[in-house]
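Chains as they are written, first to last, in the numbering used here: chain S, 1 to 168; chain Z, 169 to 352.
If you're looking for bench data, these hints aren't it; they were derived computationally from the structure. Possibly wrong hints are sitting among the right ones.
Away from chain Z, derived, C-beta distances all over 12 angstroms, residues of chain S [claimed, not checked]:
1) Q109
2) A113
3) D137
FRET-style restraints, in silico, Cβ to Cβ [what the hints assert, rightly or not]:
4) S/S134 x Z/N296: 49 to 55 angstroms
5) S/G164 x Z/D202: 55 to 61 angstroms
6) S/M1 x Z/K307: 53 to 59 angstroms
7) S/E138 x Z/K317: 25 to 31 angstroms
Fair warning: this is a prediction, and the values are worked out from it, not measured in the lab. Glycine residues also receive a C-beta, built at the ideal position from the N, C-alpha and C atoms.
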Amino acid sequence: MSISSKIVDDFVANGVEFITTVPCKQLAGVIEEVEARPEIFHIPSNKEDEGMGLCAGAFMGGKRPAIIMQNTAIGVTINTLATLTQYYRMPLPMLISYRGELREPVACQVEMAVHTKALLNQLNIPTYHFHQESDADELDAILKYTFMCNKPVAILTDASFWGGYGDQ
Amino acid sequence: MIRSEILREIAPILRDQLVVCNIGLPSQELHMIDDQPSNFYMLGTMGLSSSIGLGLALSQDKTVISIDGDGSVLTNLGTLPTIANNVADNFILLIIDNGSYGSTGDQPTYAGKKTKLEAVASACGCENVVTCQDVDTGKVLQAAIDSKKMTIIVSKCDSGNIKLPVITMDPVEIRARFMTAVTS
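Next up, chain S with everything else stripped away, as it sits in the complex (with noise of 0.2 angstroms):
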């Protein structure tokens, strides 16, 4: 099974119903997962705090919500995070793709990937870093774990997890 059914596997597991996504290069085969699955409403962003409102609304509605979304994202976000997903106390899982780590061909990428986990330590989110695939094992215990405690989680994935960039 490829790593992307495993991944949209474990959202679906969890009662995910509703998932926002925003691309990039790196979570092209996840998104592609989970605009093909019948039980999940894929619902593309133009911006990932746009994406962060509609999962607000989607939760309030009854439906466990959850975003996908590039680490450049974190620098749109913070206020959303703080002020809405925090404020109101409402879970979210967001899956990242982490552009900027080993193997990454676009050297502006790594000036985000610097203050990523910086940024999601000063905002006291949980963050979890797959690195190989076998990290992805606790995809489930993570998504059981943010809807138990009603926070905004980072899964952040690098081109490592990934499986690289293939030829550059």
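For chain S, the structure is supplied; the task is to place chain Z on it using the hints.
Relative to chain S, chain Z alone:
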């Protein structure tokens, strides 16, 4: 009419619906005029009223009215294509367009100049876009509810504010009682 006068007039219509209300003075005004458990007051995140409302409308069957402002829609302009492409016939976006950032001191917005939000909404693919004058807001809103079609209303009114207190209710309480109203 100014925004608070519109809210006062449409309060009897809003009372029976799920309402997501924009940050700042709009929420404070609605809270003062007719506080209801079915009102979700935004205390932060300018611009996301329409996104929260759409997510809510797509996730359950009751009618959802997002009250937004021209300035807030401009802040989150990407919301209009998302709304247009994910039709929820139980969703109404009411944009109270007074051409100014009311909560911050009535600085002019571009919607009060060359930009027409109704034209932007249509260009984004929204199908039922209704422009009205302030005095007709109640009639247009009721018609939108009755139509059971996703509708974007742009209500043109004067800028101006009234003095009123901030909302001191705890956000978790706002959210919890709202979620009870959603399921009741």
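How the hints compare with the structure:
1. Q109: holds, 22 angstroms
2. A113: holds, 25 angstroms
3. D137: holds, 30 angstroms
4. S/S134 x Z/N296: 49 to 55 angstroms: holds, 50 angstroms
5. S/G164 x Z/D202: 55 to 61 angstroms: holds, 58 angstroms
6. S/M1 x Z/K307: 53 to 59 angstroms: holds, 56 angstroms
7. S/E138 x Z/K317: 25 to 31 angstroms: violated, 45 angstroms
Violated hint: 7 only; the structure is consistent with all others.
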